[in-house]
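Undergrad: As a plain string of letters, each chain reads:
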Amino acid sequence: MAESPFVTLKCPACGGGLSLREGETHTSCPSCDSGVLLTGAVGNYVLPSEVGSTQALRAVRKAMESGWKDSAGRSRVSRPRLFYVPFWHISAQVQGYVLGLEPEVREEEQPRPVENPDGQSMSVFQSTRTVKRRVGVRAVEREVQLRGSVNVSAADLEPLGIPNLSSKAQMSLEGMEIQRNALPEGLEVFDSRVHTDGVFVDPLVSLSEARADAEEYLRRLAGGAGRGLEQQWKYLVFTGRRDCLIYYPLWVVGFAVDGRPYRAVVDGRSARVLRGRFPAGPSGSRYIAAGAAALWAFAIPPLVNLLATGTFDYHSGTTSLNCSGVLLIIAGALGIGTWQMLRALDRMESRGGTRHV
Amino acid sequence: MSEVTGAVLLRCGECLQELSGLADDSIFLCRNCGRAWVSGDRGLTGVGVTLLGEAGDGMVFLPFWRVEADVTLHERTTRRRSVRTPATAPRDYDPLAERGLQTESGRRVLRSYLVPAVVNSRALSIGVRLRSSRPDLVPYEGSTPLMVGGSVDAEDAVELSRAIAVGEEVARTDFLASLDIELHPMEVDLMGIACRAGEKGFEIPGAGIVMRYADTEDRVAILQRNGLSRD
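Protein chains in written order, with my numbering: chain A, 403 to 759; chain B, 14 to 244.
One chain only, chain A, in its complex shape (with noise of 0.2 Å):
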């Protein structure tokens, strides 16, 4: 986690301390007013949190009662912590040229053979069918311009439930603002000054990285320019790179139900359930009772119907065997079973996916 993100520096003309905010590239001295450029520095920006731990709690109170009702009376429920988790945001401009060979196809009619009335002769006059037939190739130049951004996480979000952007990754972050390309709305440039609520967890990935995965995510997305041609030659060139960094921010709600501690992740900028661990919810009770239920319904009848003829023999030729001890293991087998199918349903917990409140 990050402890001090404000950075402290010298004016190079007057020795005055400059008073930095993270996210600036340029400023001015506050002493003699010359400007002065930040070598190496990168934009950090933030996305403030619109949701306050009240609404945090109240969005997982409505998630537990709209689907664990029982639970959500007998729930302890912890403070709320704010987190901001980092990510990078990467644009660069893809350009180049893909050469290759495109398949000429012309569609033809051709005869179909049918089978006569008579059912002893063929006639190919009657019916036909299309059939594309590839008679030669093109050669064809494309020219790539794109101007790409990505966004790649730059901490490990699974923790908490929450896929990680990487240029393997093609899903969107279901509930939130930050996706894979869009840039979000209401960023500022971070201060450690103003922004002072919540934890800023610090970028595990490094830049470096970051550049090379949105690099491999743009190559593919500009490979896309070739598509149907064969023999492919390509050269692209990436330019005009600009990165920063965003912080998005997450509440994580603790709570408990029976002793037993779970968790939840509010969008800190929609109030969405995004990822939670919650008590057995009523849809999962009803499988299991339904499974035991089913499970005595096939059991109970041929029993009842041992118990009431007396036949727990088994005779088969010169064979005869007594059967009530097998009869008695099935039954104590049902019993656990049924027994261990209730705890499961004491203990059973859903990993629910995104729930809107």
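Don't take each hint at face value.
Covered, in the sense of this in silico footprint (three residues per stretch, anywhere, with C-beta under 8 Å from a C-beta of chain A), are these stretches of chain B [said to hold, decoys possible]: (1) 27-33; (2) 158-172; (3) 179-193.
Simulated from the structure, these hints should not be mistaken for lab results.
Bear in mind the structure is a predicted one, so any value in this text is a computation, not a measurement.
For every residue, glycine included, the Cβ atom is placed at its ideal position computed from N, Cα and C.
Given the structure of chain A, go ahead and fit chain B onto it with the hints provided.
TA: Positioned in the frame of chain A, the structure of chain B alone reads:
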């Protein structure tokens, strides 16, 4: 947190005049002495600059990189415009001829490339067109003008020059199949070209080339700093 490696004065290393630019600018022109500076990891480095064109109403000086390079074309393979699928009759199998491929090799030339130093999504096609149009620009005479928006570094300019060299080969009338090309930069310096802020974009005089506003990332800030606006 990102690490700020240092703070350097945004002042001309020659005359100490304060330099100004847009938020993402890495190229600065001193309006006092006319020296150009490029910011990098080790602070500001001086770079040669030539100003071209004429100032006037609606004119905006934009930075371009001029890359003098030694270009070696090792192998250039072309193909025919179209190739029919061969008939089933017996034939001598020649894979190159069947695919319509022809290879030529061994050409070495000295070339000069002009690459926009403002972020533009069509920098490649602009560079190729600037190579073929060769605009005849007169040297600028007058006080050093304002030149902002330069954020493409020299390294990127060399990369783009390579792509422009490929683009020139693609632009030839035959159909390129593949290219093995090598480009060694010999001299990289800046050019400030007076462009007309037209209806649709920045027009490069004498070349008939328009850098469309839609393709230029910092268009609004460039126009604003030059006291202009285009909707």
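Undergrad: Are the hints correct? Go through all of them and say.
TA: Evaluation of the provided hints:
no.	hint	in the structure
1	27-33	holds (count 3)
2	158-172	holds (count 4)
3	179-193	holds (count 8)
When each numbered hint is compared with the structure, no violation occurs for any of them.
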